[in-house]
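Just so we're aligned, residue 3 is where the sequence shown starts under the working numbering, counting upward by one.
Heads up, some of the hints might be wrong.
Under the rule of at most 30 angstroms between Cα atoms (straight-line distance), these lysine-lysine pairs were calculated in the DSBU-like manner [said to hold, decoys possible]: (1) Lys90 <-> Lys186; (2) Lys220 <-> Lys80; (3) Lys80 <-> Lys98; (4) Lys90 <-> Lys80; (5) Lys98 <-> Lys220.
Here are the computed distance ranges between Cβ atoms for each label pair [as the list claims (entries may be wrong)]: (6) Gly26 <-> Leu207: 23 to 29 angstroms; (7) Arg10 <-> Leu51: 45 to 51 angstroms; (8) Leu82 <-> Pro129: 21 to 27 angstroms; (9) Thr48 <-> Arg139: 21 to 27 angstroms; (10) Leu44 <-> Asn175: 20 to 26 angstroms; (11) Gly209 <-> Ile173: 55 to 61 angstroms; (12) Thr38 <-> Leu185: 27 to 33 angstroms; (13) Leu31 <-> Ala150: 29 to 35 angstroms; (14) His21 <-> Cys127: 53 to 59 angstroms; (15) Thr48 <-> Gly190: 47 to 53 angstroms; (16) Ala150 <-> Glu196: 22 to 28 angstroms; (17) Glu11 <-> Val219: 16 to 22 angstroms; (18) Leu133 <-> Leu185: 30 to 36 angstroms; (19) Asn137 <-> Gly170: 52 to 58 angstroms.
No wet-lab data here; the hints were simulated from the structure.
C-beta: ideal position from N, C-alpha, C; glycine also.
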Amino acid sequence: MANSTTVREFILLGLTDNHQFEVGLFPLLSGIYLLTLIGNMLIIITTLLNTQLHSPMYFFLRHVAWVDIGYTSTIIPKTLANIATGSKSISVAGCKIQSFIYFVLGTTEFFLLAAMSVDRYVAICNPLHYLTIMNGRNCSVLVLSCWAGGLSLILVPSLVLFQMPFCGPNIINHFFCDSGPLLKLACGDTRLVELIDFVTATVSLLGTLSVNIVSYVKI
Numbered sequence: 003m004a005n006s007t008t009v010r011e012f013i014l015l016g017l018t019d020n021h022q023f024e025v026g027l028f029p030l031l032s033g034i035y036l037l038t039l040i041g042n043m044l045i046i047i048t049t050l051l052n053t054q055l056h057s058p059m060y061f062f063l064r065h066v067a068w069v070d071i072g073y074t075s076t077i078i079p080k081t082l083a084n085i086a087t088g089s090k091s092i093s094v095a096g097c098k099i100q101s102f103i104y105f106v107l108g109t110t111e112f113f114l115l116a117a118m119s120v121d122r123y124v125a126i127c128n129p130l131h132y133l134t135i136m137n138g139r140n141c142s143v144l145v146l147s148c149w150a151g152g153l154s155l156i157l158v159p160s161l162v163l164f165q166m167p168f169c170g171p172n173i174i175n176h177f178f179c180d181s182g183p184l185l186k187l188a189c190g191d192t193r194l195v196e197l198i199d200f201v202t203a204t205v206s207l208l209g210t211l212s213v214n215i216v217s218y219v220k221i
């Protein structure tokens with residue numbers, strides 16, 4: 003029996019193995035992240051304060067902006083902190099939380115974009131019934147369904163992955179805790195997790211893409 007130790011932290015290799023190049027990227031990443039925050043906050047504030055923008059389309063757009071802020075904030079601040087301090091480590095718990103939140107928010111955005119395409123279809127193809135169909139209650143139900151769908155799709159594969167032991171190498175060849183690199187470090191049979199990930203990706207990507215395509219073809 004080979005000796006094994008439980009991994010307590012992971013090492014993120016980052017964007018490149020050249021630290022000086024990463025330091026040069028720091029202001030660029032910081033600027034992009036700041037612009038992302040400012041742009042999305044302007045969308046949120048404008049659509050809230052301007053009564054002319056109190057329509058279903060901007061209601062969905064506001065939630066997309068919140069999601070954009072969420073999943074960029076899940077990754078970029080930690081990446082910037084690692085570059086600034088020269089440390090590449092992240093705790094196992096922090097890695098799991100980062101991966102879970104990132105994929106929940108990313109999947110939720112796919113659903114929100116599909117809901118927006120349905121909204122445009124109703125607005126263009128059924129204009130006389132638009133306000134009746136896309137009323138406040140139905141829009142709220144759609145948004146809640148998008149959030150619930152993103153959470154439920156990612157919850158099961160994440161729980162299965164996080165129950166697996168990590169007892170070998172702890173180096174992740176990425177700048178954040180992606181599920182693919184994490185699977186390679188798990189000690190055990192990962193075929194079930196890989197199958198669940200494949201089904202989840204198929205449902206979230208192809209399912210929402212199909213809704214978008216059908217809606218715009220009909221338009």
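CB of His21 to CB of Cys127, is that within 53 to 59 angstroms?
The hint (53 to 59 angstroms, Cβ to Cβ) holds, given that His21 and Cys127 are roughly 55 angstroms apart.
Just to be sure I understand the hint, the distance between the Cβ atoms of Thr38 and Leu185 should be within 27 to 33 angstroms; is that true here?
Check passed, 28 angstroms falls within 27 to 33 angstroms.
Given the hint that Lys220 pairs with Lys80, does the C-alpha gap stay at or below 30 angstroms?
violated (43 angstroms)
Tell me if the straight-line CA distance from Lys80 to Lys98 falls inside 30 angstroms.
This hinted pair holds, its Cα atoms lying about 14 angstroms apart.
Within 20 to 26 angstroms: is that where the Cβ-Cβ distance between Leu44 and Asn175 falls?
For Asn175 against Leu44, whose Cβ atoms are near 36 angstroms apart, the range 20 to 26 angstroms is violated.
Using the beta carbons of Ala150 and Glu196, state whether their distance is inside 22 to 28 angstroms or not.
Given about 25 angstroms between the Cβ atoms, the range holds.
Between Leu82 and Pro129, is the Cβ distance one that fits in 21 to 27 angstroms?
violated (46 angstroms)
Just tell me: holds or violated, for the beta carbon distance of Thr48 and Gly190 against 47 to 53 angstroms?
holds (49 angstroms)
Check the hint pairing Lys90 with Lys186 against an upper bound of 30 angstroms on the C-alpha distance.
Status holds; Cα separation ~19 angstroms.
Outcome for the supplied range 30 to 36 angstroms, where the beta carbon pair is Leu133 and Leu185
violated (47 angstroms)
Lying within 29 to 35 angstroms: is that true of the beta-carbon distance Leu31 to Ala150?
Roughly 32 angstroms apart at Cβ, these two residues keep to the hinted range, so it holds.
Given the hint of 55 to 61 angstroms, is the C-beta distance from Gly209 to Ile173 inside that range or not?
violated (34 angstroms)
Checked against the numbered hints listed earlier, the structure breaks hints 2, 5, 6, 8, 10, 11, 17 and 18; every other hint is satisfied.
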